[in-house]
Amino acid sequence: MKTAFIMQKEIRESILTPKGFSWYVLTSVILSVLSYLFLTNSELSLLDQGQMLYMIMNFITALGILVGLVFGADAFAGEVERGTMEALFLSPVTKAEIAIGKLGAALTNWAIILAISLPYLFVVGKGGQNLLIGIAYVAILGTFLAIIFSAFSMGLSSRVKSVKNSLMVTFFIFLLAGAPIFLSAAQRRTWFGRILDFINPFACAINTFDSVVIDSQGLAYQAGRVAIICGYLLLSLWFLKRSVSRLEM
Amino acid sequence: MIINVENLIKKYDGYTALDGLNFAVEHGDIFGFLGPNGAGKTTTIRILTAIIKADSGNVLIDGYDVFREPMAVKNIVNALPESNGYYEWMTAFEYLEFFSHLYEKKTSKQEIHDLLETVGLHRKEGHLIRSYSRGMKQRLGIARALINRPKLLFLDEPTNGLDPKGRRDIHDLVIDLNRKGGTTIFLSTHLLDDVERLCNRIAIINYGTIVKIGELDRMKGKGSIEEIFFLSTKEGAL
Numbered sequence: 687m688k689t690a691f692i693m694q695k696e697i698r699e700s701i702l703t704p705k706g707f708s709w710y711v712l713t714s715v716i717l718s719v720l721s722y723l724f725l726t727n728s729e730l731s732l733l734d735q736g737q738m739l740y741m742i743m744n745f746i747t748a749l750g751i752l753v754g755l756v757f758g759a760d761a762f763a764g765e766v767e768r769g770t771m772e773a774l775f776l777s778p779v780t781k782a783e784i785a786i787g788k789l790g791a792a793l794t795n796w797a798i799i800l801a802i803s804l805p806y807l808f809v810v811g812k813g814g815q816n817l818l819i820g821i822a823y824v825a826i827l828g829t830f831l832a833i834i835f836s837a838f839s840m841g842l843s844s845r846v847k848s849v850k851n852s853l854m855v856t857f858f859i860f861l862l863a864g865a866p867i868f869l870s871a872a873q874r875r876t877w878f879g880r881i882l883d884f885i886n887p888f889a890c891a892i893n894t895f896d897s898v899v900i901d902s903q904g905l906a907y908q909a910g911r912v913a914i915i916c917g918y919l920l921l922s923l924w925f926l927k928r929s930v931s932r933l934e935m
Numbered sequence: 014m015i016i017n018v019e020n021l022i023k024k025y026d027g028y029t030a031l032d033g034l035n036f037a038v039e040h041g042d043i044f045g046f047l048g049p050n051g052a053g054k055t056t057t058i059r060i061l062t063a064i065i066k067a068d069s070g071n072v073l074i075d076g077y078d079v080f081r082e083p084m085a086v087k088n089i090v091n092a093l094p095e096s097n098g099y100y101e102w103m104t105a106f107e108y109l110e111f112f113s114h115l116y117e118k119k120t121s122k123q124e125i126h127d128l129l130e131t132v133g134l135h136r137k138e139g140h141l142i143r144s145y146s147r148g149m150k151q152r153l154g155i156a157r158a159l160i161n162r163p164k165l166l167f168l169d170e171p172t173n174g175l176d177p178k179g180r181r182d183i184h185d186l187v188i189d190l191n192r193k194g195g196t197t198i199f200l201s202t203h204l205l206d207d208v209e210r211l212c213n214r215i216a217i218i219n220y221g222t223i224v225k226i227g228e229l230d231r232m233k234g235k236g237s238i239e240e241i242f243f244l245s246t247k248e249g250a251l
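The listed protein sequences correspond, in order, to chains A and B. So for the first sequence, our numbering puts the first residue at 687; every next one is plus one. So for the second sequence, our numbering puts the first residue at 14; every next one is plus one.
Hints may contain errors.
Said to hold, decoys possible - List of simulated lysine-lysine pairs, DSSO-like, C-alpha gap at most 27 Å:
no. : chain 1 : residue 1 : chain 2 : residue 2
1   : B       : Lys66     : A       : Lys688
2   : B       : Lys193    : B       : Lys235
3   : B       : Lys66     : A       : Lys847
What the hints assert, rightly or not - Non-contacting residues of chain B with respect to chain A, defined by C-beta distances greater than 10 Å in every case (computed):
no. : residue
4   : Lys24
5   : Thr29
6   : Asp32
7   : Phe36
8   : Thr62
9   : Asp75
10  : Lys87
11  : Ala92
12  : Glu117
13  : Glu124
14  : Leu141
15  : Leu159
16  : Glu209
17  : Asp230
18  : Glu239
Honestly, the hints are just simulated from the structure, not real lab data. We treat Cβ as the ideally placed atom computed from N, Cα and C, and that holds for glycine.
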């Protein structure tokens with residue numbers, strides 16, 4: 687119950703503010719532009735709907751990761767810098783309860799982004815194959831990735847206790863996570879590209895989307911990549927728990 | 014005894030912040046905890062309020078072991094930290110309501126109104142905290158520290174940076190809480206005026222060790238509080 691109140695406070699502080707709201711406006715604007723281009727641009731509109739859906743899914747997931755990282759970077763370091771952490775620690779609340787409340791708020795953020803994205807997914811993927819299964823995958827794997835990157839960023843935030851440093855590191859992590867997107871198809875087939883694809887949870891997610899939406903492959907084909915994402919999920923939660931348990935004023 | 018501290022040691026990366034601290038505080042005291050900057054006052058409060066752990070030693074708060082029963086301790090104590098931040102986007106009422114939800118014992122809306130009245134903020138309870146003056150924020154901080162009706166209240170430099178009226182308001186509030194509410198007050202400060210006006214017992218800490226402890230009136234018989242403080246905290250006074 688205490689966790690619910692902390693989560694409510696976090697949602698009010700980080701989401702229901704002009705700054706928090708701007709993420710949603712940004713999401714809507716970018717998705718609107720992307721969808722418009724997909725449907726009207728003479729070259730892009732030649733892509734089949736599976737391809738369009740896949741690209742929108744990648745974008746939504748990447749945005750979820752980015753928002754999770756930014757939110758997480760402020761979670762503990764921000765409270766320490768603003769001097770509000772000590773009052774929270776004086777209350778009979780465990781550090782784990784505080785972390786769960788903050789993580790819950792980060793997931794609420796992701797849920798809102800996903801909800802905003804749904805109409806765009808339907809518009810772009812309408813009439814194409816695998817629309818519903820694609821949405822299910824982006825909801826499930828996107829949630830896993832939102833937890834992974836938020837938890838990792840929060841853990842880091844509780845260790846470095848500086849929003850600026852925390853943001854710098856999380857930005858670097860975001861670039862690492864997005865690295866497969868910057869590699870060409872040939873580069874991704876090299877040993878480096880393959881390792882990066884294998885160890886990068888974001889790459890695992892987008893390869894799964896590709897496999898599900900474009901190649902129409904079943905769950906059995908995705909097991910290995912999903913297992914890697916689940917591994918990261920457990921690792922990130924362990925990292926958050928360990929980091930927060932060590933947090934001292 | 015509401016506080017009993019025995020041989021408390023705390024080190025940070027090789028630096029000894031508390032070096033075998035021993036003292037006790039009785040129920041109903043306004044206990045002044047004096048010391049120069051860096052003497053170990055804030056570290057002591059953080060350990061006594063179960064925010065941080067010590068490396069060794071024993072601390073009992075009203076019979077509860079701080080290290081083994083931190084949640085029991087947090088339910089009966091509270092504190093106003095030296096650099097207390099606020100959720101400035103909340104109103105005073107929302108701020109207190111949020112903290113009241115973090116305790117097992119429920120606090121009604123009426124009790125929150127009463128608390129704000131106690132600290133003189135009831136007319137501004139619907140205003141955003143960001144519009145408050147420093148003195149008002151300190152009073153709100155005290156109200157937050159009273160949300161669980163603590164038996165023991167720690168105040169860390171509560172009058173720092175306040176104008177004379179703000180200081181007087183805090184003094185009056187502390188006296189009221191102690192006399193009418195029966196709350197034991199642990200007042201950490203380096204402002205000797207505050208100590209003389211408020212405290213019945215004091216301890217002076219220097220380099221993480223208590224160098225003087227006793228009844229304020231008795232100590233004053235041996236010289237002014239200022240002289241005692243400077244003699245006790247002089248390099249090598251130990």
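To see whether the hints hold, each was checked on the structure:
Restraint check: the Cα-Cα separation between Lys66(B) and Lys688(A) comes to about 23 Å, which is no more than 27 Å; the hinted pair holds. Between the alpha carbons of Lys193(B) and Lys235(B) the distance comes to roughly 31 Å, so the proposed pair goes past 27 Å and is violated. Simply put, Lys66(B) and Lys847(A) have alpha-carbon atoms about 19 Å apart, close enough for the 27 Å limit, and the pair holds. Distance check on Lys24(B): its Cβ is at least 13 Å (rounded) from any Cβ of chain A, clearing the 10 Å threshold; non-interface status holds.
With a minimum CB-CB distance of about 17 Å to chain A, Thr29(B) clears the 10 Å threshold, and the non-interface call stands. Every CB of chain A is more than 10 Å from the CB of Asp32(B) (nearest about 19 Å), matching its label as outside the interface. With a minimum CB-CB distance of about 21 Å to chain A, Phe36(B) clears the 10 Å threshold, and the non-interface call stands. For Thr62(B), the non-interface assignment is contradicted: its Cβ lies about 6 Å from the closest Cβ of chain A, within the 10 Å cut-off.
Distance to chain A confirms Asp75(B) as a non-interface residue, since its nearest Cβ pair spans about 15 Å, more than 10 Å. Not every C-beta of chain A lies more than 10 Å from that of Lys87(B), the closest at about 4 Å, which undercuts listing it as non-interface. A cut-off of 10 Å between C-beta atoms contradicts the statement that Ala92(B) is not in contact with chain A; the least separation is 6 Å. Some Cβ of chain A comes within 10 Å of the Cβ of Glu117(B); the nearest lies about 7 Å off, and the non-interface call is violated.
Once the 10 Å rule is applied to beta carbons, Glu124(B) is consistent with being away from chain A; the minimum gap is 17 Å. Non-interface status of Leu141(B) relative to chain A is upheld: no Cβ of that chain comes within 10 Å, the nearest being about 13 Å off. Consistency note on Leu159(B): stated as away from chain A, and its beta-carbon is indeed over 10 Å from all of that chain's, at 12 Å minimum. Taking the minimum C-beta to C-beta distance to chain A, about 28 Å, the non-interface status of Glu209(B) holds against the 10 Å cut.
The claim that Asp230(B) lies off the interface holds: its Cβ sits roughly 32 Å from the closest Cβ of chain A, which is beyond the 10 Å cut-off. Remark: the non-interface label on Glu239(B) is consistent with the geometry, its nearest Cβ contact in chain A lying 30 Å away (cut-off 10 Å).
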